[in-house]
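Same order as they appear, the protein sequences are chains A and B. All residue numbers for the first sequence refer to the working numbering, where the first residue is 241 and numbers rise by one. All residue numbers for the second sequence refer to the working numbering, where the first residue is 43 and numbers rise by one.
It is worth saying that the hints were derived from the structure and are not from the lab. Among the hints, a few may not be true.
Claimed, not checked - Think about it this way: if two alpha-carbon atoms lie no more than 30 Å apart in a straight line, the pair counts; the simulated DSS-like pairs of lysine-lysine are: (1) B:Lys278 to B:Lys288; (2) B:Lys128 to B:Lys340; (3) B:Lys274 to A:Lys629; (4) B:Lys160 to A:Lys595; (5) B:Lys160 to A:Lys632; (6) A:Lys271 to B:Lys274; (7) B:Lys97 to B:Lys59.
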Amino acid sequence: MQHSIPEVSDRWADALLAARLLSVFGPWNAKENGNLQLKGIHVRARCGPVLDAWLSELGRLCPVVPKSRFSATIDAERLVGGLDLAATLDAGRPVYERGLLAGIHDGIGIFAMAERAEPVAAALIGDALDSGFSAGEPARFALVAIDEGAEDDEKLCARMSDRLALRLDLSGVSIRECETTLAIAEPRKLSSSVIPVVPDAMMDAFAEISIAAGPGSMRLVLHMATVAKAVAALEGAGEVSSAHAVTAMRLVLGVQPSAQAEESREPEQGEQDQTPEEPRDSSADTPPEGNDTQSMPDPQELQEMLVEAAKAMLPDIGEFFRADRGRLRGGMVGKAGKKADEGLRGRVIGHRQRKPCSAARPDVIATLRTAAPWQKLRGRDLDSGTDLKIRKSDFRYQRRRQPTQSVSIFAVDASGSTALDRLGEAKGAVELLLADCYVRRDEVALIAFRGERAEVLLEPTRSLVRAKRSLGVLPGGGPTPLASGLLKTLEMAIGLRRRGMSPIVIVLTDGSGNVALDGQMNREAAARDTQAVAKQFALTGIAALVIDISRRERETSRQLAEMMRADYCRLPRADAHAVSGLVSSYMREG
Amino acid sequence: MAQPFPFSAIVGQDEMKAALLLAAVDQRLGGVLVFGDRGTGKSTAVRALAALLPKISVRSGCRFNCSPTDSHACPDCGTKHGATIKVAAPVVDLPLGASEDRVVGALDLERALVAGEKRFEPGLLARAHRGFLYIDEVNLLEDHLVDLLLDVAASGVNVVEREGLSVRHPARFVLIGSGNPEEGELRPQLLDRFGLMVEVSSPNQIRERVEVVRRREAYENNPEAFVESYGKSERKLRNQITRAQKAVAAVSAPDSVLEFAAMLCMRLGVDGLRGELTLIRAAKAHCALAGRLEATRKDLVAVAPMALRHRLRRDPLDEAGSAARVERVLMDVGSDATLNS
Chain A
241 MQHSIPEVSD RWADALLAAR LLSVFGPWNA KENGNLQLKG IHVRARCGPV
291 LDAWLSELGR LCPVVPKSRF SATIDAERLV GGLDLAATLD AGRPVYERGL
341 LAGIHDGIGI FAMAERAEPV AAALIGDALD SGFSAGEPAR FALVAIDEGA
391 EDDEKLCARM SDRLALRLDL SGVSIRECET TLAIAEPRKL SSSVIPVVPD
441 AMMDAFAEIS IAAGPGSMRL VLHMATVAKA VAALEGAGEV SSAHAVTAMR
491 LVLGVQPSAQ AEESREPEQG EQDQTPEEPR DSSADTPPEG NDTQSMPDPQ
541 ELQEMLVEAA KAMLPDIGEF FRADRGRLRG GMVGKAGKKA DEGLRGRVIG
591 HRQRKPCSAA RPDVIATLRT AAPWQKLRGR DLDSGTDLKI RKSDFRYQRR
641 RQPTQSVSIF AVDASGSTAL DRLGEAKGAV ELLLADCYVR RDEVALIAFR
691 GERAEVLLEP TRSLVRAKRS LGVLPGGGPT PLASGLLKTL EMAIGLRRRG
741 MSPIVIVLTD GSGNVALDGQ MNREAAARDT QAVAKQFALT GIAALVIDIS
791 RRERETSRQL AEMMRADYCR LPRADAHAVS GLVSSYMREG
Chain B
43 MAQPFPFSAI VGQDEMKAAL LLAAVDQRLG GVLVFGDRGT GKSTAVRALA
93 ALLPKISVRS GCRFNCSPTD SHACPDCGTK HGATIKVAAP VVDLPLGASE
143 DRVVGALDLE RALVAGEKRF EPGLLARAHR GFLYIDEVNL LEDHLVDLLL
193 DVAASGVNVV EREGLSVRHP ARFVLIGSGN PEEGELRPQL LDRFGLMVEV
243 SSPNQIRERV EVVRRREAYE NNPEAFVESY GKSERKLRNQ ITRAQKAVAA
293 VSAPDSVLEF AAMLCMRLGV DGLRGELTLI RAAKAHCALA GRLEATRKDL
343 VAVAPMALRH RLRRDPLDEA GSAARVERVL MDVGSDATLN S
């Protein structure tokens with residue numbers, strides 16, 4: 241029994257439980273389980289022995305289920321299949337390639353580096369998960385999405401994560417634990433095909449928790465109900481008990497009990513397949529009876545208890561989901577290596593032999609032109625035949641160049657020395673630029689620095705709705721952590737550039753920082769740090785503009801601009817219209 | 043394919059359901075834009091609508107869904123006349139990231155390579171003719187596709203001039219878009235093109251949420267039985283749509299209703315006439331759905347928020363497409379009008 245081995249952390253126990261749940265309730269068993277099925281697990285883990293151990297455990301639990309591993313670099317075309325051009329030419333008849341999604345029907349798809357999935361691939365996978373079909377063929381599979389995202393903005397996109405019922409976080413699991421438990425978990429067959437019932441009060445609690453999670457998806461409630469039933473069914477229970485529900489919530493939310501939760505709820509720490517005895521927390525005064533139906537606390541109490549349990553797991557569930565709602569844009573993280581001239585759109589700048597991207601079609605005229613001189617050599621009878629001899633090497637594809645998207649990052653000095661109204665104006669400028677954005681399809685971000693450190697007030701966005709929400713609360717006053725403001729801006733700019741966008745940095749400051757990177761109020765250290773960061777700026781060559789907003793002209797901001805190799809301009813009365821006009825023209829000139 | 047979740051089994055979301063029904067009654071309304079969070083039943087509703095729509099008659103072998111009464115409308119109909127058959131009205135998905143070729147159609151590479159024949163392979167626009175074109179996450183759609191869609195939606199004809207092909211075929215469809223406003227705004231040109239716009243959110247009542255889950259569970263446990271249990275209400279709704287589709291052309295709007303519409307648009311500062319026309323058309327469709335033949339002010343009031351909320355003049359410091367503003371003006375105009383009459 242797992243609980244007899246104290247070293248096994250809850251995290252690893254949950255990971256094993258999730259694997260076991262999937263092995264029993266995978267879509268391939270849907271018929272036996274009365275359509276109770278789990279469609280996937282969102283695993284947050286870096287590549288390493290722990291992940292390998294977990295995957296091999298999953299493999300051991302479902303030995304006969306076909307598994308297929310693919311990664312984010314996969315072409316959308318491969319996922320759904322299509323005409324295989326080269327094979328068609330060779331064979332002289334249409335040769336179709338079967339899509340990968342249809343290929344893993346009744347199996348497990350292991351999607352590595354899922355956080356880097358292209359939006360198109362994510363949309364195709366999400367659609368197949370929903371409908372069970374891909375390109376007209378049955379594609380009912382379980383998806384194990386491995387999310388290696390390190391940064392906050394590198395996450396599995398919501399389009400996929402929203403559809404996966406279980407969530408796991410393997411970070412922090414030690415190698416030793418995985419060894420200790422490998423021998424324990426064994427495949428189990430569902431003892432009866434009767435689906436456990438979720439009591440009304442429990443369903444109410446799930447609904448209440450999902451409402452607390454914010455105005456998000458209804459799928460959260462569905463996932464909690466499904467997983468609760470699966471957990472109960474695994475034990476052969478006829479009704480979902482509160483312990484099952486708590487376990488289910490933990491698996492769906494993908495959290496570990498926090499310290500405060502431990503006290504209130506230690507009994508069901510990790511184990512599900514121990515006794516069906518009821519672990520209870522706050523309602524300890526209604527002890528479980530040994531009868532079959534597992535006497536429940538009264539509905540009201542049960543509902544409150546579950547909601548409390550959820551709160552204990554996640555003190556601020558709303559915040560958790562706001563932060564975790566995946567990357568809102570649903571785009572892919574990091575387009576490293578993808579050049580701007582390899583798209584399907586834009587001006588034609590020439591031809592090439594290799595397919596620039598999977599969706600590209602050969603340019604018919606250019607292909608014929610390449611093939612023409614070879615016709616005689618290839619044995620074509622020029623007088624009678626109409627058969628063109630075209631080889632794979634003749635194919636030519638158009639190269640196109642498309643303009644890259646620009647993002648303007650505002651770094652605004654919100655300290656006491658520049659006064660609140662500057663921040664207000666910067667905010668106004670951001671909104672004005674945004675209002676303009678749908679024309680140019682550009683994005684805007686805002687970083688404010690004051691007090692001890694810099695803060696990202698607005699992630700790059702094109703959405704007015706979001707911008708207004710983030711800009712609503714705007715702090716101001718205090719000392720000037722210029723160095724940390726610049727550093728944060730630089731990090732964001734580099735990140736964006738990695739994603740294939742062109743960042744433009746606009747710094748609104750008076751140029752005099754007095755807080756060093758470590759948060760110390762030390763003018764000299766602050767100046768040193770600022771200098772160091774500014775030099776890095778210069779090295780990366782990111783386009784930047786320093787707007788001096790001090791009332792009296794000072795040398796500091798001009799020096800800063802020089803160090804950053806940035807352009808400099810002075811706007812002592814920085815008003816929103818002037819700033820947005822200036823930035824607009826700056827962006828147009830590029 | 044599995045049976046979709048029945049339309050009448052969708053809990054709440056009354057405005058979205060109403061808008062979709064109106065669009066099904068009058069195709070010329072210009073489509074529906076559904077904005078809201080993920081997982082609020084947007085796609086479910088659209089797929090459910092597909093199962094609800096009355097069948098259309100086409101010539102067999104026509105890849106362009108032409109009506110048998112149209113003569114020589116498309117390249118296929120020009121060459122052969124198949125028997126008239128009834129098929130389900132198309133509801134075509136436009137996947138995010140679809141290439142231009144797939145949308146407008148292109149040279150049939152397979153035929154070109156194997157048989158050396160120059161043949162046009164119809165795209166999604168041809169398949170959507172006389173039906174619905176559904177774009178999930180419309181705000182993430184590539185610019186060039188948006189332009190293309192706007193052009194075809196406005197003219198009702200798809201003209202393809204590429205790869206040595208020259209083809210034109212009818213493409214009249216109802217655009218249905220859905221998206222999440224937090225993921226990016228829509229260009230006003232596209233916004234205006236949608237006849238109706240509704241905003242959806244997940245229900246914030248525990249009861250309603252539980253009901254959603256219970257029905258979903260019942261559907262997943264046994265789709266056939268669940269769909270069957272809603273068979274009666276689905277048939278009723280389908281008959282209602284069919285009747286309204288036939289009747290809508292005959293619905294009249296008295297002058298007082300037209301004046302009311304004009305006043306409403308003026309007060310709200312709606313640009314252009316498109317808003318006013320859509321408002322009246324939607325009111326007529328609403329009236330036809332109710333089985334009446336003369337539109338009243340009540341019809342107008344019922345459809346005003348969805349017909350106008352996305353056409354208010356854009357103020358960067360105001361929420362985009364605010365229904366509250368429409369409601370407010372409705373109240374004002376309503377009380378004025380009662381005083382005058």
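Cross-check of the supplied hints:
With a C-alpha separation of about 16 Å, the suggested pair Lys278 (chain B) and Lys288 (chain B) falls inside the 30 Å cut-off, and the hint holds. Pair hint Lys128 (chain B) plus Lys340 (chain B) does not hold up; C-alpha atoms about 36 Å apart against a cutoff of 30 Å. Simply put, Lys274 (chain B) and Lys629 (chain A) have alpha-carbon atoms about 61 Å apart, too far for the 30 Å limit, and the pair is violated. Taking the CA atoms of Lys160 (chain B) and Lys595 (chain A), the gap is near 23 Å; set against the 30 Å cutoff, the hint holds.
With a C-alpha separation of about 20 Å, the suggested pair Lys160 (chain B) and Lys632 (chain A) falls inside the 30 Å cut-off, and the hint holds. At most 30 Å may separate the alpha-carbon atoms for a hinted pair to count; Lys271 (chain A) and Lys274 (chain B) meet this at roughly 28 Å. Restraint check: the Cα-Cα separation between Lys97 (chain B) and Lys59 (chain B) comes to about 20 Å, which is no more than 30 Å; the hinted pair holds.
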